[in-house]
Amino acid sequence: MKFLRVFVSPWLRDSEIRSKRIDRPHAWCRHSVALATACLLLVGLPAAGQSQSSGEGTKNSISASEDTVRWTFDNAPSVRVRKVLRADLHVKTQTDWRDWASTTDAEEPVFDLHRARVGVDGTFLKFFEYEVERELRDSSQPWRDVYVNARFTRWLQLQAGKFKVPFSLDELTGSMDLDFIYRTLAASYLAPGRDVGVMAHGGLLKGAVKYQAAIFRRGGENVRASEQTDPQSGRTTAGRIVVRPWDGRKGNLLRTLAVGTSFTAGRVPEGPYSLRSKSVAGDSLLKAFNVNGARNRYGAEVHWEPGPGAIQGEIMRARDQRRGQSIDDKDLPDAVAHGWYLSGTWLLTGEPRSGAVHPKKPLPHGFGAVEVATRIEKLTNAGLTQPPFTATPRAANLPQASDRVWTVGVNWYLNDFVKVQFDLIREQRELGGAVMSAGGRTWSRVFGLQFGI
Amino acid sequence: MRTRILAVLICLWCAAPANAQEQSQALTADSLLDGSQLQEIWIHVNATDWQQLTAGYLEGTYYPADLEWRGLRVSNVGIRVRGRFSRNGHKPSLRVDFNRYVSGQEFLGLKSLVLNGSWQDPSMIRDRVSMAAFRRMGMAAPRESHTRLYIGARREYAGVYTVVEAVDKAFLQRTLGEDSGHLYEYHWHEPYGFEDRGSDLDWYAERFEPKTDSDGSTANLFTPIKRMVEAINDAHDPRIEEVVEPYLDLQKVMTYLAVQNFLSQKDGLLGDFGMNNFYLYRFDATSRSQLIPWDQDLAFESPDVPPWQNMGANVLAGKIWDSPTLRAAYLSALVEVVRTLGTPTSGGGTCARPEGESPCSWLEQEVLYDYSQIRDAALSDPLTPYSPEEFERWVEFIWQFARNRGDIVLEHIGRLAPALPERVRPRSGASLSGSPRGPEGSAPQRPR
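Protein chains in written order, with the working numbering: chain V, 1 to 453; chain P, 1001 to 1448.
Hints were generated in silico from the structure; no laboratory data involved.
Keep in mind it's a predicted model, so treat the numbers as computed, not measured.
Heads up, the beta-carbon is just placed ideally off N, CA and C, and yes, glycines get one too.
No false leads were slipped in.
Where chain P lies over chain V, by a calculated footprint (3+ residues, C-beta under 8 Å):
#1 327 to 333
#2 387 to 393
Restraint-style ranges between C-beta atoms, simulated for each label pair:
#3 Lys-361/V to Ser-1103/P: 58 to 64 Å
#4 His-1187/P to Val-146/V: 47 to 53 Å
#5 Thr-1218/P to Asp-328/V: 43 to 49 Å
Derived contacts from chain P toward chain V, CB cut-off under 7 Å, selection only:
#6 Asn-1046
#7 Asn-1076
#8 Ala-1153
Start from the sequences, fold in the hints, and give me the full structure.
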């Protein structure tokens, strides 16, 4: 289930890009405590709905005009017009309490309502799916996924609109399905994120092989704001293929094993548009430097869900050309950034881990589901680890900057709608081969509360 | 004049072996800034950056560059457009920060330099001559020289620039013997001449930019300035010295005013629109401050103005002028300036004139020396907004100013105080026309 959701996540609900929150550190809402409380109160509503629904064994039909328009509440409020149209309303909120060490952000521990979204998705006619989602707290780029998907056959579907560039499993995972409060640094800063484009995708060999091939207007939103508005930004092509060799073989422990690879190829305009590299707390590891030419990314991924556990890992590499960017207008060596992570989770309450977690005994009738998770990751901007290096925008001898992060977390799924998370994060930031003198080794604690229907 | 200068240049070329010998010696900041020759500086900067720098000249954005001079190349310096009213994108004045991208990096012991494009000065020498005058009078003032500036990978000639020593800690250490005090750069906002603005420290903070300790508290940084201004306003004859001296060395202030008035600086401490173009340095662990001149490229305004122009428009200068004792001291300072800078006995060589060779004043010799050094480079300057004729005409004007200003100032003083010392009396029959010549009948020599 999760495999499907992850793979086709461009046409499912999607997530906030973490950097947008970090780029606006002062945007946290003073009323977020009240909002978080309201979210907790909302726990009762879907729980009650679940109870009623399970008791009756049918969907909860609210309206009586069954022949034409039906209002339902299964996992989300929904309206259906015969078989012509289905529209499901979705609401997502995420509130975090952060206590992290930041070298640039002197704020005290804060509550931050950094995700508040409403959206509609569904189907119309026979072949079409759609989704429209808006982030209420982002006035500059409020629209998230806005697309239409046409299902011609299982092996060929066409999707057009704004959605995520098919690169990086972690980036493509919806925010409500993340095993940790924050995405990996590699996914946050190396993957391109959303853009406007067209994509062909589908499944082959009874779904054992899935592919995505797309072309986008620009290079994604997950880049510097100045690059997004540069009129010289070029098109980006992307491709991803995921294989599940033992898919459908019941009883085989490896049936959920999926391996994949992906790439993007595009052009980055001339300017200080190097890919961002930041710490978990949002501190820049390296200042922007000039690039010009091709921007290519390559990635490989593995995902496996044996029983109540899950293992996931990725490696990504991004390469920016720096043509004509030296002081004397000559080419500089390409800028290379790479990242990797390996994570594991285990549901202590024994639920099978197949995509999204569904507690066996949700609140208020049970305790919900509890999961432990751990992750190790590293984001690196390749460079010199020994002086002399210089951090000018046109330097050939940039220092290597990296952040190695260990995360240990606990996830508590109260029911299908509410998730409470706690992550303990250890970072080690290095510049030029040495641990940074300020904020080099830090501990951070993050408490998250998610609500979604 | 061109013919005369050509002869001068030929003689200068004859002296080339001496220059070659000098090159073999260790290069220092003095080699760059002493003005002994026209320098050649090459700013290596990416073509796109230079285009953006000139197009966005109002932004003050730093761009990375390398600076090369006499085979020395310092990498990863930061350059940005500088200036206020003279700021432009055609021939921009530049600030070069050697430690912008590389912490602690210096070049010949300098942390930064200014390359002034002389946008407001058709002669291109007014600032340099003015600063030399201040230094000759024993005042702390930046060293300056001229350079041909080359830009970009193609080494395109960008014209004549004045290389100006930055007023920073290195400058303070060199000129005042300490750098642990508090340095401020004054920013003009409106006509202001030390009037008391009350207790609002923010008012001072907007005008006196801290340059050496910008992270200090507002109270620590600006209360001493407020107190100095209050003292200036509270001082009344005959206790002016007693009240003001703890904050300013009045003798030095009077010399500063005398130099600027002698040079007819209309945009200085007694500018037509209030005070402008100076730094204020408060010595460590004291309340006493010193004025340091900056951007004197609007000097040499008119040779005829009285050397006490705008004294009444400034509280401090007005009190000096209104006090009989201090006025006498000011006039003495003025006479000393004339004697040192503007009389034939002031250290210049000789100049050829229609009536024959006669001694030149230091100022006249300085003007001619600088002119002869930059003339060819200036006439081929591709970016200056002034025509060759304007350049020649302005240099001629400044030369005449230098020849006659001393006598004119003494005449003004004479009307106030007829009993002047013999050594500073005006020359009889001073002429406004003539030709400059060095002491050996050839090139103008560097004034001592």
